[in-house]
Structures are given as structure tokens and as C-alpha cells.
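With the sequences and hints as input, model every part of the structure.
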Amino acid sequence: MITKEDVEHIGWLARIEISEQETVEYMEKLNSVLDYFGQLDELPTEDVAPTYHVAEIFNVFREDVVEESLPQEDVLANTEHKQDGAFKSPKIV
Amino acid sequence: MSEAKWMSVAQVREQIRNNSAEEVTARYLETIGKSKLNGYVTVSEKAVEQAKEIDSKGHDGPLAGVPIAIKDNISVTGLPNTCSSKILEGYVPPFNAHVIEKLQAAGAVILGKTNMDEFAMGSSTETSCYGPSLNPWDPERVPGGSSGGSAAVVAGGEAPFALGSDTGGSVRCPAAFCGIVGLKPTYGSVSRYGVVAYANSLEQVGPLANNVSDIAVLMDVIGGYDRRDSTSIDRKIAYQEALKDDIKGLKIGVPKEFFGEGIDPAVEKAVWDSIHRCEDLGASWEEVSMPNIPYALASYYIIAMSEASSNLARFDGTRYGYRDKGENWHSMISKTRAEGFGVEAKRRIFLGTYALSAGYHDKYYLKALKVRTLVKQDFDRALSKADVLMAPTMPNPAFKIGEKIEDPLTLYLSDVNTCPINLAGVPSLSVPCGFTDGLPIGLQVIGKPFDEATVLRAAYAFEQNTDHHTRRPPEVA
Amino acid sequence: MVYENPDGVKIGLEIHVQLNKLNTKMFCGCSSKYHDSAPNTHTCPICLGLPGALPVLNKKTVEAAIKVGLALEGEIAEETQFHRKNYFYPDLPKGFQVTQYDYPIVSKGKVVIEGEDGEHTVGIWRAHMEEDPGKLVHIGSIEKSKGVLIDYNRSGMPLIETVTAPDMRTPKEGRRFLDKFRNILEYLDVFDGNLEGAMRVDANVSVYGGTRVEVKNISSHKGVEKALLYEIMRQKNVIRRGGKITQETRHFDEARGVTIGMRTKEEAEDYRYFREPDLMPMKVSDWIPRIKETFPELPDAKRSRFIEQYGITDMHAKSLTSKIMLADFYEGVCKEGTDPKQAATWTADVLLGEFNYRDLVISSYDGSTIGCINDKDHSITNSVRVADMVKLISLFADGKISDRAAVEVVRSILDGEEEKTPLQIIEEKGLFKAEDDLVTKAVSEAIAENEAAVQDYLGGAEKSLNFLVGQVMKKTKGTADAKTAREMLVKELKG
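Chains as they are written, first to last, in the numbering used here: chain C, 254 to 346; chain Y, 31 to 507; chain L, 332 to 826.
There's no promise every hint is true.
[What the hints assert, rightly or not] Cut-off 27 Å, straight-line C-alpha distance, at most; resulting in silico cross-link-like pairs (BS3-like, lysine-lysine):
hint, chain 1, residue 1, chain 2, residue 2
1, L, Lys466, Y, Lys365
2, L, Lys547, C, Lys344
3, L, Lys567, L, Lys547
4, C, Lys341, L, Lys364
5, Y, Lys365, L, Lys416
6, C, Lys282, Y, Lys430
7, Y, Lys355, Y, Lys365
8, L, Lys477, C, Lys341
9, Y, Lys116, C, Lys344
If you're looking for bench data, these hints aren't it; they were derived computationally from the structure.
These numbers come from a predicted model, not from an experiment.
Here you go:
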């Protein structure tokens, strides 16, 4: 069971602000889903290897050849927050 | 010119030859203009212009002048790409997805971008920031999801076909609910380059169309190796060549776990009728057991949410999209993400973050990957005895808008028959196989990896010998 | 002699090295040559982390990592893969960094350095590949920042992060390790240390009675000694005063030479590592034989060979091999028939000395010319041709010019006359050694004109001879060889 504190911690890790009231709502809904996930414990999997990808292929590379970059104008086109060719953000902390 | 609705690609091409691509595109745009389905979130201003250009250059290319609708998580240069999320408000990608390049090279005309569940997280389009799309068969019901907009516009006659993406059923579910055909290709057979990731190791772009042939036409265009996608696999598949009305000797496996508790009796009957119809056509069937299928849903959701929690971290308002105010960067992004993501997206980010976090990684994430191995082994075994598996795509017909959205678990359970396929990476197609109370039912045809040919042949033969796919929804008032 | 390490200092380093010799970034085709470019001009959907863009690994990154691993005498993993390290920072456009976690490409290596008490082995725990974040510029200072400007040109550059064991015991050993490590990387031709941000170092430091403190943001190999000295002193003082060292991360302020405690985080980070699903794992250990075939000679081996092959001193060999480009230049000079010992003296003592005096660091060697740039002002560059060095040494060896004149030529070349040949400079400055009869004439004149000095000398005042030598030099405008002039004077006066 996850607690209110857990929910707050996850919210911080995920950088999603949540209100006091939301924390309680999240806790209930998340617990009902986690409870469902818990059914996996029934399956013994000690000797089972995890599957990250169904078709495990190895060694996918590209050659070290230069391709065209985007024009600076296109790079910055999706934000109003820019200055001197750079993205602009509030101070970090 | 006759009405530009529900035409096959062959018919559309004939219309283009007889009239012009411009005229055909204009007709579709007219239908779109009158629609109340909320299928499109962006209609391209450039569609007519594109069609004119194709008219002027002559109609070469397998899809010359043929209009198509694109799910709003597939990047098209110059068209907003919002994934139906407020957080991507105003974002216009400066590049094309691989599948879009392929479509444009084939001469297709992009009509617009279609509604979806936010970041493909849902089975109903109800999590979209634009509100749900409506099911053309009953506007009080959902079209399925997450590619619900794509399915609604095809079923509603607003596009001859469309692209969607399928992470846990997102092409097949809306295809089933809207009475059309949808394919989730083998993992690695269609490039994901330019498709906004929900769960990278599970999803593929897939086509939605009025009939099986058009699915094959589209796959011949969008399928194939792409060096920009490291998970792309170089295997040639001849899709259209597979379309033969002959399933004599075809071995069908029927996994009983796909007919589990909660299945609608009408769905169960329609699917069994379909299997018997195949038997009449010379196929044989046998029940197979896939004991780990009941665990697939939990495994699927843990993996998808974990990957998603990381994929969605880039949406922070710093470079594009919605941005809230904050006294510093961390508070700015925390508010941006709180405001920009919808409830379901946030829920999944929370669950995924938790499943990967210190102390829980092995209990949830690693465990889910191990269960994925067991599920895949079930498919390997079942498909070693059968050429294809047949099962209901969805356990129920389309549900009412608002019916399931409040309880996440209930909503997740609608993916019970579709998500195991994504865990195994195998191809699966949903084809109309009946109706209940005027609502379509989908038959799921599942194949071996890269054996889309057999899946398409089985579905094509079934379709040629049934008439479910010829039924059209009533005019939506 | 064994170094006792009285304070129990333990230093471990984490070194981020940019593989800036590659043509392109780690996962996209953007050019790696962004260093003098406007912000955000070397970016694309992939290194900007735009939704839908996917990474494809630059093969050369892996080759370079294997080279580094072999040079560090480490083990190359049979199978290796990438993970995502999830955290939020404005320089990180995807909200995660693609890095390696439990399957690094290199593990268990070592580097032997000159320690406080002779040869000292520094263990290498691991070396792995990862992508560089973008670059942040704070508007105002970092503490009183009004905002941040972000440039993603650097985003996605390939890095090798190397983690050492805490085997270094003094700041000097820390610097020596870094010097050696940097030298090795340059020998491997994977890295140009002169480019901005090419090498960034974090240090873990502890002393007896304390705990490990991480010092971040040591931006150069020169800063490391300063940072370590400060941090060790700080920790010793805290303990001396009866305080406790807390496990923390400190920031090195290079300008002030101090380490500053960062505001403690409200909550511990949790990076939620998981395998990068957009990249496939690698099995590359079978590349090792091919890479070994073309493996360059490393500094230690070259140093030994120089001593053996050229008969030069260990001091010279060490100095000449301290930079691959200098070693190549030296061999270029030798190849032209120059006496290797003379070449060593003129390259290691004179040329390198003049470089250091001018803050010039060697930046290139193309087989015929060695180039350098001013360390403090990269717009100042200089170069010396092998052919010119060969000619200069031969003129000196043939007695055509004095050693002082030869040094003068080297200085002229470095002070803006690199276009001219030594002969041109010698002629323009009249540096040819005076002909013998000219010197004979000057000796006679000096004796005739300085009666008093001659008498003093003959009376036993040796220093008067120096005065007479000076007169000869003056009359020959410095072209006479001082030693010859002295001999001739003595011969003339004492018969």
C-alpha cells in the first residue's frame, strides 16, 4: 500500500505538483491499480529471464557521417521564451 | 461525381482518374466540415493544394492523390502534433515521421490529424483534451481508443483510411468498436521514427481501413526497414500479394483464455460463428491453452507505464508546448506538468515512476518483464501448432461515453484481449465479424512474427465470404 | 621511501571526456564541431529530444570506448547496453540521460602514475559511454541567477565517463593521473583536450575520521589540484575543530579556488534506471583484435622506445612523449637526418620551454608543422615547421650560428615570424656567426684599445678577460662565438 507521503514523493520525482486533496485521491486510485498488479506475485519467475524486446537484435549502428542540422530559427520556433539564439528558462532553484 | 464516402482505395483511385485528386480531396473536406464526430483535431489547410500539385504532376505513385487521416501522435512537418494533450499546445514539429515520408512519396494527401486518447493512454478517446470522438454507429458511445479519431473518421466516411498507433490495442480496439479493419503489425516492421512514444518496446504504427485489401495497400507503403529506428527489422513482407481468397488447410488456434469472464455473450457467439465460417471455407480449428494470458494485462500496464513515465519527462514547457509560470525552473515545470497533463496521463506517470523507483523496480518492473517472457512463450507454443489464432478483439461492444472513465481499472480491463499481443510483438488484425444491438463486433486474427501474409489472407478470405464489412453506420444527425 | 599518507587522504575521480574527434554526435548526424558556433545551430530533432525522434548509435563511439578500455588495461564487456538515467534539469532535453548502468563497456582497468613514492597504480573501476547534456548560461551569477539560457549544441555529444578507485593520496597524484589520462586519450586520437568543456572532473575526497565528499564542476585538469588542496584543507580543519564531515556534494568555484556546499536537496534523487528501449544491446568484444591491430603506441611504450632508439635521456624522452603531437614532431625532425640528441635538446628544452613561456599549448601536428594555441586566448595561434627546425639545428651543428642566435630564431618564429624560414630570419637579423678573420681583427682591436684591461688581466684579474670578450662581441655584433673569442684572446695575450 502506498501512503500519502509516497504519493508526494512520486509527485516530486515526476515533477508534477499535486494539491493536498489530489494526494488523497491519487493514493486511493493508485492503490487499487497496484493491488491489481500484485496478482503477478502468484507467478513463480525465479528462473525466468526478463524480455525487454521481443526481437532481440544486437549491434545497430550508424556511420560517423555528418547530416544537416536544423536552422536555429526552426529550433526556436516552438517557444516564445528565447534570447540571443538560446532557450530561456527561469533560474533553476 | 458520386459521394466520397466509404470508398475503397481502388474506388478512390478510379475517382481521381476520372475527375481529379483535387475534387476527391475537396469532397472529403466537405464531409469533414459537416461532421459531428470530433474525429479530426486539425484539418490540413494544405490538403487541396497538395492534391492540385499531384494532379499537375500526373498520378504516379501507389497512393497518388489518395487522402488519408493521421493520428495526432505521428509527426507531420508544419501540422500541429498535440497527442490530444494540452501540454503540446501549439507544438508544430519541424520534421516528418518515417511513415509520413513514405506516404508522401507514394502521393498520399494528408487530410488532417485525428483525435486520440491523451498520449495514446486510453481505450475511448475520453482522455483527449479535445473531448471524446463519437462512435458513428451510436454517437452516445465511444469509438474506442486510443486511435479513436482515426477509426471514427474512416467509419464515418471522412477518410478512406487512416494511420493509428497500437501500444496495447489502440488500433484494433477502435477498429472493432467502429466496424472497420485495423492491423497491429509485427514489432519492428514499421518505423516508429517521428511517432511520439508512449511505450517504446510495445507499440507500432498501424493502418485502419474499410476493408482488408486497403490495409495491405497501406502496409506496402509504410512497412519496411528504417535506419533511423534502431528497433526496425529488415524483413521483406509482401502484403498485397497475400490477399487470396483461399484458407483451405489453414490451422486456427482458439485460445480459451481470450473468452474469459466478463465477455459479452453476443461477442462470444459472433466470434465462434466466424471460426465456424472459416471451417466451412476449409480451415480447421483447435482450442489452445495460453495459461499466462490472465497475467498479461498487469504485465502490460506496468511496462507501458514505466516506459511512459520516462518518455513523458521531456514535456516540461522549456522548449515547446504549454508553459506555466513558476518562481524557478523546477516549480515552473512542476506546475506546467500538473496543468498540461490530463488526469489519466498523470496517473500513469505516477504509477510508472513508482514501478521504476528504488525498492520497487524488481517487484513491479522486472517482474512484469519476466511475466512478459511467459506470455511470449504462450504465443510461441500456440503458434507452433496453429497458423493463426482467432479471438474476440474486445470482450464487449463499444461502451457509453462516461461509463468507464471514472474507474481506471475498469477502463484498463478493456485491453485484456489486445495487450497480450503487444507483449509478444506478434501481428494482429481486427476485422468486422458481426453486430449486437447495432454495434459492430471485431474478430481478432493473430499471426506469427512477420507472418502478416497469413493474417491478411485469413482475414481477406473471411471478409470475401461475409458481409459484415459492407454495413455502414446510420447517418449521424 | 614509502609515502605515509598521514591524513589518510583518499581521492577518487570521475572524469567526463568528450569524444570530440568524432565527426558527429553520439545518436544523431549533427556535427561535433560546434565549439565556435552560435547557440542551437548544431541541433536536430534527436539531440533536442523532440517528441518522436529516435537515437541511432554512432559506431565510432563504441570503437573509441573500446580503445580507451584497452589503453586502461581494462576488461571489455562481452555484452553491453544503454540505460536511461531519469532526472530533470533544463540542459537535459529528454528528461533523461542515455548512459550505461550495470553493463558498462569497460571495467577493472588501471593506470600507473608517478606517485609520491615512485610508481603508483590507480585502479579504474569502470568506463562507460553516455551523452552530454546541453550547456547552461546563468543570467547573472549562479547564486543570484535571474534566469538561464540554454544552448543544446553540446547536447548528445559522446562522452566517456571513467571512474577511478579512491587510490590517489595527494592533490599532486590527482593531477598526475589526469595528465597521464589526458595524454593517453590524445594518443588514442579520440579526444582534443584543448576544446572547451572537453574534460570535466568530479572528485570524491575523504580524510581520516571523515566521510566521502563529492566535489563537482572541476572544469579542467589544471583546476583539480587546486580544488583538491582546498577540499582536503577544509575537511582537516573541520575535524580539527571537532566538527563532522557530512556526506555532501560541493561545487568548485574555480575563480575563487574554493569549494562551496550546494543547497542540500529536499529529497534524495532516484534515477529510476531502466534499459533504453530505443537502443539495442551490443556484442562488440569481437572487434578487439581488429582494434588492437591498429592500436597506437602509448606514452610509456613510446618513452622507452625513444630512450632505446635515439639514445636520449629519460628526462627528454618523458618530456617529448608528454604530448603525442610533440613526440611526432620530434620524430619528424629526427627522420630528416638530424642528430636525435640535438633534436631532443632543441625540441624538449628550447622549443617546449619557449612554448610554456608564452602559454602556448600544442594543438596540432600534421606531419610537417606543429601548431599551438594560447591557453588563455584561443585566438592566438602559432606554428613551427619540421623543415625549419631541421635547418636550424643543422646550422647550429655546422657552427654557422651560435646557440644564442638559434634560440633567437626560435623566439622570432614564435613571436610572429612563423612565415619566414630560419635563413631569412638569420639574414635579416645578421645572426650568422662572424668569420674567423673578422673575429681575429676584433680581438686585435680590443687588445689595442683597452690597455688597462689587458694589464689587469695579465696582472691576474681574470674578470678583465670577460670585459675583453664583451668588447669582441660588441665589435662583431654578437655573431662571434663567445667561447672562441675567449680562447683567441687568451692565446693572443698569454702566447
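Status of the hints after comparison with the structure:
As the CA atoms of Lys466 of chain L and Lys365 of chain Y are separated by approximately 24 Å, the hinted pair is consistent with the 27 Å bound. Between Lys547 of chain L and Lys344 of chain C, the direct Cα distance comes to roughly 20 Å. Compliance with the 27 Å bound is thereby established for this hinted pair. Taking the CA atoms of Lys567 of chain L and Lys547 of chain L, the gap is near 19 Å; set against the 27 Å cutoff, the hint holds. The straight-line distance between the Cα atoms of Lys341 of chain C and Lys364 of chain L is roughly 23 Å, inside the 27 Å bound, and the hint therefore holds.
For the proposed pair Lys365 of chain Y and Lys416 of chain L, the alpha carbon gap of about 23 Å is at most 27 Å, so the pair holds. Taking the CA atoms of Lys282 of chain C and Lys430 of chain Y, the gap is about 22 Å. The hint holds against a cut of 27 Å. At roughly 7 Å between alpha-carbon atoms, Lys355 of chain Y and Lys365 of chain Y fall within 27 Å of each other, so this suggested pair holds. Between Lys477 of chain L and Lys341 of chain C the CA atoms are separated by roughly 10 Å; this keeps the pair inside 27 Å, and the hint holds.
Of the supplied pair hints, the one linking Lys116 of chain Y and Lys344 of chain C holds, its CA atoms being roughly 24 Å apart against a limit of 27 Å.
When the structure is compared with the earlier hints, no violation turns up for any of them.
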